[in-house]
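Undergrad: Here is what each chain is made of, one letter per residue.
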Amino acid sequence: MKRYVGQSEARLDGVWKATGAAGYTHDVTLPNMLYAKILRSSHAHANILSLDASEAEALPGVRAVAHWENTPRVLYNGSAFAVTAASHFTPILDQYVFDNKVRFVGDEVAAVAADTEAAAEEACRRIRVSYEVLPAVSDPLEALGEDAAAIHEDQGWGKNMLHAPTEAGVGDFEAAWAECDVTYEGTVKLPVQKQVPMETSSSVAQTLPGGGLRVWSSSQTPHQVRVLLANVLDIAESKVQVICPPFIGGGFGQRSGMSGKAEMIAAVLALKTGRPVKLEYDRHEEMTATDSRHGGYVNVRLGAKKDGTFHALSLDPVLNTGAYCSWGGTMSMKIYTFGATVYRVPNTRHFGKTVYTNILPAGAMRGFGNPQAMFAVETAVDAIARKLGRDPIDLRMQNIVAVGDDWDNPFECVSTELAACVRRAADAIGWAEKRGRKQEGTLRRGVGIAVGRHVSASDRASGVFLRLEADGSLYMTSGVCDMGNGITTTLPQILAESLSIPLERINMYAGDTNATPYDIGGHSTRSLYDRGLAVINAADQLRQNLLEYAAEVWGEKSAALRYEAGVIRGAQNSWTLEELALYAHRHQRRFEVIGRGRDSTTAPWEAHAAEVEVDMETGVVKVIKVAAAHDVGVAINPALVEGQIEGGVLQGIGYALREEITFDENCVPYNDSIHKYMLPTAGDVPVIESIIVEANDPLGPFGAKGVAECSVVPTAPAIVSAVEDATGIRFLELPLTPVRVLQGINEARASQ
Amino acid sequence: MNQELTLTVNGEEHTLAVESGEMLLDVLRGRLHLTGTKKGCGEGECGACTIILNGKAVNSCMIPALKAQGGRVETVEGLADGEKLHPLQQAFVEEGAIQCGFCTPGILMSAKALLDETPAPDSEQIREAISGNVCRCTGYVKVEQAIQKAVKMLGEENS
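So the protein sequences, as listed, match chains Z and A. Each position in the first sequence, counted from 1, maps to that position plus 754 in the working numbering. Each position in the second sequence, counted from 1, maps to that position plus 10 in the working numbering.
If you anchor each label on the Cβ, the simulated ranges turn out as follows:
#1 P129(A) / A1156(Z): 45 to 55 Å
#2 Q135(A) / S992(Z): 52 to 62 Å
#3 E93(A) / I1378(Z): 42 to 52 Å
#4 V1441(Z) / N168(A): 29 to 39 Å
#5 G21(A) / V1441(Z): 37 to 47 Å
#6 D1225(Z) / G21(A): 37 to 47 Å
#7 Y1424(Z) / Q135(A): 26 to 36 Å
#8 R82(A) / A1186(Z): 56 to 66 Å
#9 R1191(Z) / S133(A): 20 to 30 Å
#10 S992(Z) / E93(A): 33 to 43 Å
#11 V1441(Z) / R82(A): 30 to 40 Å
#12 S133(A) / E1194(Z): 24 to 34 Å
Stretch-level coverage of chain Z by chain A, calculated; a stretch enters the list once three of its residues show a Cβ under 8 Å from a Cβ in chain A:
#13 772 to 782
#14 1230 to 1243
#15 1424 to 1430
Residues from chain A that face chain Z, not an exhaustive set, calculated with beta carbons under 7 Å:
#16 G46
#17 E55
#18 V86
#19 A90
#20 Q99
#21 F102
#22 V103
#23 I108
#24 G111
#25 F112
#26 I140
#27 C147
#28 T148
Note that these hints are calculated values from the structure, not bench results. Treat the numbers as computed from the prediction; the structure is a model and nothing was measured. We put the beta carbon where it would ideally sit given N, CA and C, even for glycine.
Here chain A stands alone, though its shape is the one from the complex:
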């Protein structure tokens, strides 16, 4: 049965008819064609589908789309400001924190959610924030380094 869903994605409002069984991930990828967010498992165990909903990092594959009614969604496509990369994106590219890239959008959003709330996290907080993002390529070493670099970059931006 179709119901109307309204939500803001990366600052843009959308209204669409969705089925009760559709997950937020399916709406983002399938209906809004924002394919940056990935499906790694479909059952909330890998974090590849991580987006920010109303300020919190969530596994979008586990959120029925209608639960996001009226909500504010941020995906990887909304991180950059036109041509200007977000410091997290910049740092990931510069520090070699990307290999196959499949987990990257999800990790970026987990990291952004962390930095939005905790601008100067310590190593343990960073690991905790990305502990639900499975990456099989990098060993997480340069990922953590990149997030720490982004912390510095954001600190300099804001000072």
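Here chain Z stands alone, though its shape is the one from the complex:
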């Protein structure tokens, strides 16, 4: 029988995408459709004193203008956090469709629906707005200062605090800190990074008879968008449909929830005009007015005994959440839950602040606090290694969490192959020969290593629907979206393996909320883990139902029947799946089930080793090679896993070396186009060696864990560690632009 798990099956949507047939929200056109454009604030912080849309409304071709006075005044949060947060988190609602206050350059002021994009743009220019400009800040520490203006009303946590400070810890950190033989304390500074998916945020909204809405969307989470729209627009959830068209041009967390405000504004304008409305963000809007990665500061303290045992660790972040909460409500705690549970440390402490500033909202970006956390933690670990004269790998191996260890997580560590990941990454980079070489000259090389742990979780919230057709083929639906990660290929693989039927006999339909069970959406490195378990559960239910039916028909005991390789066998009878399906159909019996995951969480682990070359005269850091080793449990589709590793590594390289959104003194973002935002392109790709390490995880679908976010977690710290090996300089601020590197080199020279 053909195996599917562990096979690099060609992705099922590959031909569609290679022939230009694949449809995205950008490609949706409806008859009678209008085009929408948004008027955005050029002030970082201002009250809107008056808004006059009359001139805009009078322009030929303009069908509606929406602003704060004629749209629902319902507070919401456009991220999926507001809809799917764990019950112990209270969602923070701080957005309106349009408010009478703007809080960052690019904040939405009004929107126009017109016959053409050009007419909509012209109308936006004719909307007269008068502002009372307020002081603005782009740095979280400044936002907490006395002079800073309050960006939102104080909810009781203090000016510009998103929530009360988060606190956590085990043991007694202060006492333990005093007991340590060697300690390190430092503060790392992290930039605002941007996802930059190739498809800009977009939506098409259409009203339906009966007061309903149909919305095409670039969101990773169609069901969540449905709930958000229904809630704000006061339409029954059952009447709102959100469709993945069926493809999304990337996400990386940015669209875990709404695509900026595309769905909301398109829907509002569709309701006002009674016509379909298409809203397509341009690249400037995509770069400046959609969610980013949280930048800020993380203060880390790590203390160890002289034998190298870690004894005390504290992680105190001050995060920049930008102008609105989005996913910010859980981020400071994540710094701790990711950072404090990679190593065995009996005494930990966390005190975290997440702060509003007048820049674009920070939300979900691949890694979700983990890249920030591990940059801080690995900086400290390398420092302790240096102080103790220990090899950085050796020190890590001594302290990394093992199966059964105590850690501050609500789930157990049931599998980890991190040690194997470290060994294999180190071997692949040539650690023994390359680390610790004393160098002179202009071009200096070094190697570094870093580790991390992410999380894959399953619960029973999302369902996978399975229907056996009359001809024995299988139809499967899920509300998850394939943003490129290949979930609509791997889930059919899991089903094919579970029921021993050919992959070609399976069809999967995804992302349309009218046709799929509720789904939390594609994010958090859990689509494969959770929906994979749901698929297996559905297959188990189906198999059981088939055996019971056959037993009934044959008059045998169902316990004596077996399902093997697509055949149902009894003592005296047997049916192929096709024969059973047809017989059942003709006897008014059909088989449809909904499978779900189970309450279980596991940890995928990762280790990246990097080799760099630093030009001491220009400050340019070139990455020669990254060896990326990932414990993914089992690779359902190795080629897809490698693809996730390779893509993530390059984003990690960008985070380490070039990517940042910077702001001038008026909080205007500089990097508002692809040209100005230095993400890596084909010429920047080093040798990337993807190393898949398999582990014996008892919980996941065929033993699989996730990988998607993992590959962007340890890359930057590995590179910074390699730069230290090459130059002797440890950088505490990302990205390592040539200017920063030269500054560091000059400071080091001056202090010698």
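Using the hints, position chain A against chain Z.
TA: Showing chain A alone in chain Z's frame:
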């Protein structure tokens, strides 16, 4: 003001009235409904709109449609020969060089333009050819592998 534009797209001749401000990308996507070519930035910085015009790979979002007057345009829709995929398409599918797929049409056309002129490019030439195609998903590793595979496949086809 409308003017008449005649051009051949994937071997088929079209004549249409276009405005002076319309870009070639808008004509392809909006008028000829060839939505395979994508708009990633509208300002020539991402390559998602790459097509081949008179044998050269260009960013169609930056080309006024009338500048293509009488020209020969190739888009992703014209790569396959009926059901038979072009070796580049075949290789991209087989090598896992596609993830979200939004950049794929543009990269395929950049690669085709390269291979039409340089049938046996080295790694540096391949990277140079796709250096203007931004891909955020793949890290370019399997993209380069796929182009190299296509080079082999085309070599075998022609021998």
